[in-house]
Structures are given as structure tokens and as C-alpha cells.
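K.L.:
Work out the full structure, taking the sequences as your base and the hints as a guide.
If you read the protein sequences in the order shown, they are chains A and B.
The opening position of the first sequence corresponds to residue 1 in our numbering, with each subsequent residue numbered one higher.
The opening position of the second sequence corresponds to residue 1 in our numbering, with each subsequent residue numbered one higher.
Hints listed in this document are in silico derivations from the structure and should not be mistaken for laboratory results.
Be aware that one or more of the hints could be misleading.
[Said to hold, decoys possible] Residues on chain A that point at chain B, a partial pick, calculated with CB under 10 Å: (1) Ala50; (2) His52; (3) Phe53; (4) Asp90; (5) Ala94; (6) Asp110; (7) Leu191; (8) Val195; (9) Thr197; (10) Ala200; (11) Tyr218; (12) Arg222; (13) Phe225; (14) Val227; (15) Ser229; (16) Asn250.
[What the hints assert, rightly or not] A few chain B residues that don't get close to chain A, going by computed Cβ distances all over 10 Å: (17) Thr7; (18) Ile123; (19) Leu194; (20) Val227; (21) Ser230.
[As the list claims (entries may be wrong)] Subject to a maximum C-alpha distance of 27 Å in a straight line, what follows is the list of computed BS3-like cross-link-like pairs (lysine-lysine): (22) A/Lys264 x A/Lys235; (23) A/Lys182 x A/Lys237; (24) B/Lys235 x A/Lys120; (25) A/Lys235 x B/Lys120.
We put the CB at the ideal spot given by N, CA and C, even for glycine.
Number of protein chains: 2
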Amino acid sequence: MAKESLTIGVVAPAARIEPELAARVEALAATLFPDAPPTLRVHPQCFQSAGHFAGTDAERSAAFLDYANDPDVDAIWFARGGYGSCRLSDGLFAALNDAARAKTYMGYSDTGSLLGRLYKEGIGTVVHGPMPADLNRGDGGHDPAPARPTADAGRDAVARALRFLVSRDAAALEPTAAGGDKTAAFNLTILAHLVGTPWAPDLTDHVVMLEDVSEYLYRIDRAFFTVTSSPLVRKAKGIKLGRVSDVLENDTADFVFSEEEIAKTWCARSGIPYLGRADIGHDAANKVVVFGGAARA
Amino acid sequence: MAKESLTIGVVAPAARIEPELAARVEALAATLFPDAPPTLRVHPQCFQSAGHFAGTDAERSAAFLDYANDPDVDAIWFARGGYGSCRLSDGLFAALNDAARAKTYMGYSDTGSLLGRLYKEGIGTVVHGPMPADLNRGDGGHDPAPARPTADAGRDAVARALRFLVSRDAAALEPTAAGGDKTAAFNLTILAHLVGTPWAPDLTDHVVMLEDVSEYLYRIDRAFFTVTSSPLVRKAKGIKLGRVSDVLENDTADFVFSEEEIAKTWCARSGIPYLGRADIGHDAANKVVVFGGAARA
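P.N.:
Here you go:
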């Protein structure tokens, strides 16, 4: 990069974060890169509140457009998931300029609606990876416990994301994603809600990694029905299953199949190769996956 | 009809029912039509159990095909919802014969996966309406309370379905569905999981009625995003909102919008006319809607 240090713009297309969290992420970035710390520009919109959302649809859309189109911002980092990314204005995408097309966009979970659409439109470098709010994992935050909790689980997750954003640290990559394959990663439920819309990317020849959290297994099964029936996914190179965590308990009989049996069943039915497990999930161990493959990063 | 009385075949593509429930529905049918009671042929598969399901996928598929292709069965009545209809064999549909094409198929909720696909394939008369398991509503059954509970709420629901199956009783019809419009009715979440697959019907010029139960409002909103973004639904004449019952409470802030505001917002965004409320829902007041319009029944 031509500049001495990176400028990372943080916006919140779904739920809000606390100013205190933003300050802790800035402090962590300063510690990780003492010689040339990245500048974190946290959009004030991140702290706004409109019921469930970090501001109204118009406010969240404007903040995203503001930073995406700003040539002084090198990367857009989504603050956290929750729900709301699919509500951003459809008009946004036509309004993105050349500066927006040169950027990296990182997030996961609900923000997969935006990542998928940016990737479909061929805008920027689209990356599945930890978000600022992951700093709260494993240290009393509200999010589910990480798959492999450590005292500094949340710190490790956010440091992984920052190292990838700042220096394209290959150690941050999900192992499959570090190879030569085209890759994509989604929250399963988000992809199931995207494939029926005009905004879903074509995943031909991609290794598609899917993870989920806080769902009943029958809903995981139903989402697999949708995703593996989609013509956009049927042309994939294969599916890898990330972690399915915090599974809710059935109120009637046990569901018959485990999450991996579900994935294998639907892959077999649909003729999509099942390629094993992926190291992604709603947890602090969540790794980085570049849409299209690591060579694009 | 040529025969003196109707034969209704009951199969369970999703969850099982108890033999005692089937006996009560048969007794009700005998009471309602003392001169020519319909014959209820309840497939033994309805009482089978495989974890979450009324038998394995193969067993449920075989039972459906058995009764659908039987020329002595006039109508297929799905026993109850739950989850599992989308798991029936894809090969079923090509195996349906002329007897299957002459039948009526009635159900709702999870069985909408099958209704939608039958309608897409142009097979039979496809009808959204109460199911045998609705007999348990309002009298100590496990299902959510009806919208307008009465002591005999469940009995009224099942009687409504039977009167429509036996005599095409116009009083059973949802008011909109009684007019000249093309109509269709779905559980919102089921339709959201169907529109991304090759099995979703084209809803051009249809009044599409949507209901849901036991969901968070943010999920209702997300499903509306998917359904109203679907090219198959964007050509609809309009959307009518059925009841959204037993809404789950957000664990963070209140969701900003009511279910009707959600429906209006997404209809406005997508250019689909919002046509008001429909008298359908996961409750004993749930009315009958014929896919394609009442004139097809």
C-alpha cells in the first residue's frame, strides 16, 4: 500500500456498538502495530439507536455510502451483526464510486447479505472475518461462548481480523481458503434468505463454507434444503460445514440427524460434493475467508 | 361427484399424529354428514415415528405416493405440519399418475412446501386449509391458542375443512379467496425457504396471503425481504397479511415495526401492492384458500 498506515472505516449496517467497545478496539490496534498503527475511523452512526437497529435504514445506508465512497478509507469493517443489513437501500450499489471499488469489506453473520451482494456486483475485495464486536467474546460479553474459549478469545479474534486487514496475514486464513480454490463463506440462514432474491452471487466452482448459531436442527435442515436446491449453489465445487453452535433444543422428539449428517444428506440429494468441516463459526476461532479466493486479497 | 360419498386419504408428510386423534376426526365427520359420511382412510404411516418425523423420508414419500395415485381416494388431507414436507423424494412428482392429477390436496404450514410444488407442477386442486391436528386447538392441545378461541375452536376448524372437502362449502373460504382473483396462501417462512429453489410456483397476478407463527419480528422482516425480493412474487397482484401469532420477544431492544408495518414497508420497497389483512393463520379461525382461485375448486 502506498500510504504509511491503513485507514479502516467502521460502520454498523445492523445492530449498534458501544463507544467503549470502539475505544478498546482502537487500543488493541495500537498495541498490535506499534510502528504504524492503523487509523480506525468509527462512524458516529455505529452508536446510534433505532429500536433493533444502529439508526434508521436511511442513517445506516448513508454511513455505509459515506465511508465506502471515501478515497481516504482503505477498508470497511462492519462493527457487528444482529439484523438489518438486508434493509440498506437498494440504491446504494449504483451509487458506489471507484474508491468503493478499490476497498476491502469485512464482516460475517447478518452482514453476509451485504458481502454477498458486493461480491455479486464485483465491488472491492469481499472478506468473511471477525468484527469489532467479537472483542466481547469469552470475557463476559453477550455473545455465545467461543468454540475454543481462552481468556483472550475475543482479543485473538479481533487481532486476527486486524492482522488480515493491515498486512494480509496468511495465518488469519481458514486453511481451505488459503489454497488456490475460489471460496465463499456465509451464515447458512442468511444465505438461505439470499438465494431467492436477485442479490445472491453465483457460486459456480466455489468452495462454499456455511456456519450457523442459535437455531433448531430442523431449521438447519430446512435452510440446507433451500441452499442446496438453489441453482446458484448447485454449481459450487462443494460445501464445507463450519461450526453450528448453540443449537436450540427441540420441544418435541429429538431431531434424527446431527448437523454434519444434515449437510451430507442434502449435498448427496443435490449432487453437490460435501468436502468436510471448515474452521469458521459464530465464535472467537472464526477464520478469514476471501470471497473468490485468497489470491484476490 | 359420481360416488355417493367422498374418500379422504390422510397422510403425514411432516410430523405424526396419534391414532386417538384420527378416531376423533372420523367421529366428527360422521356427525357432520349423517346421510353420506366421507370415508377417512388414515394411512398407518401417520402414526409412525422416526425422531422428529412421521416415519423416514422413504416411508413418508411412499405413503403420499400410495394415496395420491389411488383412484379410489378423492382427496389427500395432510394430517399436520411440523417439519419434513420438503424432505419428500424429488422423484415423487414424476411418479404421480392421472388419479393424482384429479385430486384435491389440503393442508398448510410446513406442508406448504408440497402444496407449492404441486401447484407449480399443475397437479390437482391445491388448497390451503385446516388439518386434522387442528382438532386439538383450544381444547388442551399443544398448539398455540387460536386467534378467537371458543370452547369448540378446534372442532370448528376441522369441520370447516371437511365441509370444503365434501361439499365445496363456500362459507369455508377466506373472503378474498371467494372472489374472482387468482389466490395463493403460504406460511411466510415456508415461502421464504421455497422461492430460492426450483420448486416454487410462479405467483404472477395472484393475491398472495401470508401468515406466520412463533417467530421473532426480525425474522418476519427478514422473510419479507426474501419473499418480496423474489422475481416470482414481484409479479403478484398483491400481498395480504394473515395473522402473525405467538410472536417471540426480542432479547435486545424492541423491534421497531409491527407485522403490518413490516409487510407495508417491504411491499412499498418492492412495488408489490399491499392489499390489507387476510383471514388465515396458525389458529382455529384459519380459512380455506384455493390455489389459483375458488373457481378452480
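K.L.:
Next, verify each hint and record whether it holds.
P.N.:
The hints, checked one at a time:
Among the interface hints, the one on A/Ala50 holds; its C-beta lies about 6 Å from the nearest C-beta in chain B, closer than the 10 Å criterion. Interface hint status for A/His52: upheld, as the beta-carbon distance to the closest one in chain B is roughly 5 Å, under 10 Å. Using the Cβ-Cβ criterion of 10 Å, the hint placing A/Phe53 at the interface with chain B is satisfied: the shortest such distance is roughly 7 Å. The beta carbon of A/Asp90 is positioned within 10 Å of a beta carbon in chain B (closest approach about 7 Å), and the interface hint is therefore held.
Evaluation of the A/Ala94 hint against chain B yields a violated restraint, the C-beta minimum of about 15 Å exceeding 10 Å. Interface hint status for A/Asp110: upheld, as the beta-carbon distance to the closest one in chain B is roughly 9 Å, under 10 Å. Interface hint at A/Leu191: satisfied, since its Cβ lies 9 Å from the closest Cβ of chain B, which is below the 10 Å cut-off. Annotation: A/Val195 was flagged as interfacial toward chain B, and the flag holds, the nearest CB pair being 3 Å apart, inside 10 Å.
Because the closest C-beta pair between A/Thr197 and chain B is about 4 Å apart, less than 10 Å, the hint holds. Interface restraint check for A/Ala200: the shortest CB-CB distance to chain B comes to about 8 Å, inside 10 Å, so the restraint holds. A cut of 10 Å between beta carbons decides the hint on A/Tyr218: the least distance to chain B is about 4 Å, and the hint holds. For the restraint placing A/Arg222 at the interface with chain B, the shortest Cβ-Cβ distance is roughly 6 Å, inside the 10 Å limit, so the hint holds.
A distance limit of 10 Å between C-beta atoms decides the matter here; for A/Phe225 the minimum to chain B is near 5 Å, and the interface restraint holds. A hinted interface residue such as A/Val227 counts as satisfied when its beta carbon comes closer than 10 Å to some beta carbon of chain B; here the least separation is about 8 Å, so the hint holds. Annotation: A/Ser229 was flagged as interfacial toward chain B, and the flag holds, the nearest CB pair being 4 Å apart, inside 10 Å. Annotation: A/Asn250 was flagged as interfacial toward chain B, and the flag holds, the nearest CB pair being 7 Å apart, inside 10 Å.
At roughly 30 Å, the least C-beta separation between B/Thr7 and chain A is larger than 10 Å, which holds for a residue marked as non-interface. Residue-level check passed: B/Ile123 sits 19 Å from the nearest beta carbon of chain A, beyond 10 Å. With a least beta-carbon separation of about 8 Å from chain A, B/Leu194 fails to lie farther than 10 Å from that chain, contradicting its non-interface assignment. A beta-carbon of chain A is positioned within 10 Å of the beta-carbon of B/Val227; the least distance is around 8 Å.
Distance check for B/Ser230 against chain A: the nearest CB is about 5 Å away, which does not clear 10 Å, and the non-interface claim fails. Proximity of A/Lys264 to A/Lys235 is assessed by CA-CA distance (about 16 Å); at most 27 Å being required, the pair is judged to hold. Distance restraint check for A/Lys182 and A/Lys237: the Cα-Cα separation of roughly 9 Å lies within the 27 Å cut-off, and the hinted pair is therefore satisfied. Taking the CA atoms of B/Lys235 and A/Lys120, the gap is near 23 Å; set against the 27 Å cutoff, the hint holds.
Between A/Lys235 and B/Lys120, the direct Cα distance comes to roughly 23 Å. Compliance with the 27 Å bound is thereby established for this hinted pair.
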